[in-house]
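Make the full structure from the sequences, and use the hints.
4 protein chains.
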Amino acid sequence: MRFFSDNAAPVAPAVMAALAAVNHVDTAYDGDAASRALDARLGEVFEAPVTVFWVATGTAANALALAAICPPHRGIVCHRDAHIQNDEGGAPEFYTHGAKLLLADGPGAKLDPAGVAARIDGIPGDVHRVQPAALSITNATEYGLVYTPAEVAALGDFARERGLRLHMDGARFANALAHLGCTPADLTWRGGVDVLSLGFVKNGGMSAEALVFFDPALAAGTAERRKRGGHLLSKGRYLAAQIHALLEDDLWLANARAANAGATRIAAAAGARLIYPVEANEVFLALAPAEAAHLRGQGFDFYDWAAGEARFVVSWHQPATETAALAAAIAGL
Amino acid sequence: MRFFSDNAAPVAPAVMAALAAVNHVDTAYDGDAASRALDARLGEVFEAPVTVFWVATGTAANALALAAICPPHRGIVCHRDAHIQNDEGGAPEFYTHGAKLLLADGPGAKLDPAGVAARIDGIPGDVHRVQPAALSITNATEYGLVYTPAEVAALGDFARERGLRLHMDGARFANALAHLGCTPADLTWRGGVDVLSLGFVKNGGMSAEALVFFDPALAAGTAERRKRGGHLLSKGRYLAAQIHALLEDDLWLANARAANAGATRIAAAAGARLIYPVEANEVFLALAPAEAAHLRGQGFDFYDWAAGEARFVVSWHQPATETAALAAAIAGL
Amino acid sequence: MRFFSDNAAPVAPAVMAALAAVNHVDTAYDGDAASRALDARLGEVFEAPVTVFWVATGTAANALALAAICPPHRGIVCHRDAHIQNDEGGAPEFYTHGAKLLLADGPGAKLDPAGVAARIDGIPGDVHRVQPAALSITNATEYGLVYTPAEVAALGDFARERGLRLHMDGARFANALAHLGCTPADLTWRGGVDVLSLGFVKNGGMSAEALVFFDPALAAGTAERRKRGGHLLSKGRYLAAQIHALLEDDLWLANARAANAGATRIAAAAGARLIYPVEANEVFLALAPAEAAHLRGQGFDFYDWAAGEARFVVSWHQPATETAALAAAIAGL
Amino acid sequence: MRFFSDNAAPVAPAVMAALAAVNHVDTAYDGDAASRALDARLGEVFEAPVTVFWVATGTAANALALAAICPPHRGIVCHRDAHIQNDEGGAPEFYTHGAKLLLADGPGAKLDPAGVAARIDGIPGDVHRVQPAALSITNATEYGLVYTPAEVAALGDFARERGLRLHMDGARFANALAHLGCTPADLTWRGGVDVLSLGFVKNGGMSAEALVFFDPALAAGTAERRKRGGHLLSKGRYLAAQIHALLEDDLWLANARAANAGATRIAAAAGARLIYPVEANEVFLALAPAEAAHLRGQGFDFYDWAAGEARFVVSWHQPATETAALAAAIAGL
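Protein chains in written order, with this note's numbering: chain A, 1 to 333; chain B, 1001 to 1333; chain C, 2001 to 2333; chain D, 3001 to 3333.
Just so you know, the hints here were simulated from the structure itself, not pulled from any lab data.
Fair warning: there could be bad hints in the mix.
Derived Cβ-Cβ restraints for the label pairs, each shown as a range [what the hints assert, rightly or not]:
1. D:3047 / C:2333: 25 to 33 angstroms
2. C:2304 / D:3250: 24 to 32 angstroms
3. B:1124 / D:3037: 55 to 63 angstroms
4. C:2162 / D:3293: 51 to 59 angstroms
5. D:3118 / B:1163: 40 to 48 angstroms
6. D:3293 / A:48: 51 to 59 angstroms
7. D:3126 / A:324: 26 to 34 angstroms
8. D:3021 / C:2332: 32 to 40 angstroms
9. C:2218 / A:161: 25 to 33 angstroms
10. A:324 / D:3307: 40 to 48 angstroms
11. C:2162 / A:221: 49 to 57 angstroms
12. B:1150 / C:2332: 48 to 56 angstroms
13. C:2301 / A:221: 44 to 52 angstroms
14. C:2332 / D:3221: 55 to 63 angstroms
The structure displayed is predicted, hence computed values, not measured ones.
Where is the CB? At the ideal position from N, CA and C, for every residue including glycine.
Below is the structure:
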């Protein structure tokens, strides 16, 4: 029973069906019907004009987003525990040609204006110091916490005041939305988000993420950078089709709700072990080595996050029997 | 009837079936069974130990290959008409951090030792000049010509003498193999090729190419660069599965033979219009604007290569009725 | 007698005196009085508001200029024989993060609109091809030819039409000016030049070149890039002082005139050996190997440019006795 | 009276004389006699074979050093307050093509093995994380503290164990040496230092620093990178001459001793205000805003380091009257 991550789950049947449905001759790259329909389709979802690029990985989406909002000689503020800092092998530095990540702090990998200010307000405004150009936040965060629309808006206001562009890493954006019940617009551009990495792979997709610009002017150069990064697939329709399939009838939200519900079930059994409140599909527990070994002995696979801490992630596809079994096993420790 | 390129054809049924066959929970990234089996599988194909990386595009495969064999401050010799020079939006420069492409000449986009020597032998060996580190050839070439094993070996010998690493862009390697009837080994490492970009997308795949190193030491750093380029898909098994499916029962060669045969049929009807001999699946014809318009009026889509020249590409999937119709239409001009 | 290049000549006495004159405590970097006076001083020279950065080498000036006018994913048109292509070890690619140099042709390393159009007008306007963003010309050229104000203006008009920024590599700008007798303004911004690398090192300086922006908006980011390239010297006043000294009483022009005159004297003796008209301080001669050996035997040091061709460069400091001796030796061949 | 920094002091008379002494025609770049003598001269100083490159700035020296020991996809451990992290405008990221600085902690900007281990030992060894390749320390540190030979050796041993290369930023290496009275060898390669940025500019030079490799193999590529960075001056003899002049009769050490002595004098007057022990030429004092204003009112210029803290730096050239006046003023607060 794999609770190691949600990144290795199967692909949703509707996505597989969508791949079959576009399996005919069509225009190459992003000239096909499915690709050309993405701006309009995501424009409906976000209630605003958007410019969308499909890419195959969240790493590519994040790195291209950051390259669009930060020149090589400036910096991007993010949380010390952000995925772009710790888990992307330096992709942000590669795509931005060496911009510096400026690490800020906050509980649960969440930032607030004060935390960002604490990192950047002491930077003298001269050429010797790398000046910040952007702020990147993750929703839901690496610890499964969710920024509310108000929290996003506070950061959006702060970013605008400081002349920073605002990026949201939404690898688990659907999980955040499902938790909040708000609209996609409320959680993004209405709060000042300039560009969103919108994840589908962890949520039933195979290999498609959407890079969503809320300001078309900001997207300039991204088509070229995507090509230059080797991310313009010649058969792009198979990526676009995945996104359409997951948006259809809000399958993305249904999948996210299922994953969140599983995590909530586990959290309910965890009691005082729970390190963070569960707001998405991740559960962080205090777990002694012997306890971890005991769970593994029962067939549960999970991630040793830090000494005495373990991470369990529930995927969109996780059978209820597995989450129930895990909840029972944790309760029985 | 699309003869514009082979890059927008459908995906082979065996590939679609293979995607379904791996649609279950497995280890993420390239830790799954299908990905882990790639080295051995391609080792059989090439009769030698190889180190293989899947990527989603030929551009990524080429750029990662070049980054492995050329440092930022040196250069890569290639043909003036090479895909890496003209069609990849600067991806080689991006992944190598600014290495310079040194352009050599030769008929039909083919290079030989004399042509390469003509480009590099006059370069003074000092720090003011970018020194060559690698040679990149394309087989089949941009004009559908094929390097024979002897021609590859001549370039391999030359490269070794000059201290250059040898890369082969094999976006249409299967077409070259199908034409020659030789072994994959004869066309690569036996002739001195260090690293091969092995294409599957134009040949029935959806989104999987293989980057094949014949010298494992040369592959050092490529796993990190792939991640850093955003090309390490979390559900890599769906890429590995495509490659396995196309290698199974030599489907890749069957597909390439079908495409080549279609091109040969068209060439037979072209007579004196033929600009290059047809050795793969591309046909270049002298075509006056009125003639081009006439063909387009009959429903044929193709590429205006240069003034008075047109390119027709036959895909693995092209119905014989379409190639027959095109041959007839050309004969009737 | 060194005619190998003008890049190893001594430093002018006025420059040495200027170094001594600023040898006191002052503000670091470019906050000192001499540095702060550069914009105004060069504004007088160019009869226009300019934004100026000192740097220690022409390579740095050129590379920073190009980074200001070309993003990483686009290209810079230059002559096939341009210094930025052949003699700077890939510095333009480094500072632009991998922009591509697009090589055009023209006699004497000079470009004209037709030659540039021939290189770029066939480039399809899609993301697969690197699109040109800038044009770079050298005045005087690598072969010692000079662009007139009219020729510059023709290229300036062309560049504006095509949406290209125009850079002039003026390592020997003073020599061109001295030849033409026109104003610095006529040879630059009045003809559409956006940014000029203005050389002083070959002309009596020690280690100071000026990067001159005619459009202040275009200079944005250059201060940061200069620092990031390690080119912001902490004792910048010693660079600024060199520039002031060479501009004082038009010493830069006097030095250039002296060098040009020496070259003219040699050219007069060369007769039919002369490959290019001498318009600056370089002389290219047809010279058989035995003749070259003969001259070397007499103590003349020069550059073997190509088979049967030799380059002689006269420096600002070259004694008239040396140029007379060389002229006589050539006449006597 | 400037105590703001030692980076704006005059140039030593011996250096000015040395510039005059090489003011004649010589070979360009680093082919002149003075440049060619550097390896041997510094080999004497360090009692070992060394490969030396002059550059014009400490930023260039550091960035080139780091590029030689860390590939783009790996990381460099340094102190959170290191100059390479905070004061070089991202030059390390530029020259390494985006390597990541991994920030470690320790009092007084000094690192020890435990502090470095705390930063890197938790990094999982996979491609998702940027793996460390190098360690960079500063001697004397940003706070004027000095690593002893034993402390360097402890870090050298640690680095070797962890497979890290060791760089020393020696912008104030002479001050450290003068404080310790040990040999240059003891403070560098005998303790495991692979490459040293050896500063002269803050110590009486005009524009010359030395990049010193203790392992010639490690220097491979540096000549090319120096050129590519625009740091190969055509009249390099004026840089080499500065270094020779400062080494002559140990002028560099005499200058450092003078600066250190001045700082010691100030420290003696500072009593409990002293934040760090004074081991080089920097003095950090607790200073209330009113006190700072009071000192400034008396004509002392210095740096507001942090709230309630001020930095005073004594240069090689600082008149004893100035340090005495400052000491008295501080004592009188």
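Each hint, compared with the structure:
no.	hint	verdict
1	D:3047 / C:2333: 25 to 33 angstroms	54 angstroms, violated
2	C:2304 / D:3250: 24 to 32 angstroms	44 angstroms, violated
3	B:1124 / D:3037: 55 to 63 angstroms	24 angstroms, violated
4	C:2162 / D:3293: 51 to 59 angstroms	58 angstroms, holds
5	D:3118 / B:1163: 40 to 48 angstroms	43 angstroms, holds
6	D:3293 / A:48: 51 to 59 angstroms	52 angstroms, holds
7	D:3126 / A:324: 26 to 34 angstroms	32 angstroms, holds
8	D:3021 / C:2332: 32 to 40 angstroms	37 angstroms, holds
9	C:2218 / A:161: 25 to 33 angstroms	28 angstroms, holds
10	A:324 / D:3307: 40 to 48 angstroms	55 angstroms, violated
11	C:2162 / A:221: 49 to 57 angstroms	19 angstroms, violated
12	B:1150 / C:2332: 48 to 56 angstroms	54 angstroms, holds
13	C:2301 / A:221: 44 to 52 angstroms	48 angstroms, holds
14	C:2332 / D:3221: 55 to 63 angstroms	47 angstroms, violated
Checked against the numbered hints given earlier, this structure breaks hints 1, 2, 3, 10, 11, 14; the rest are met.
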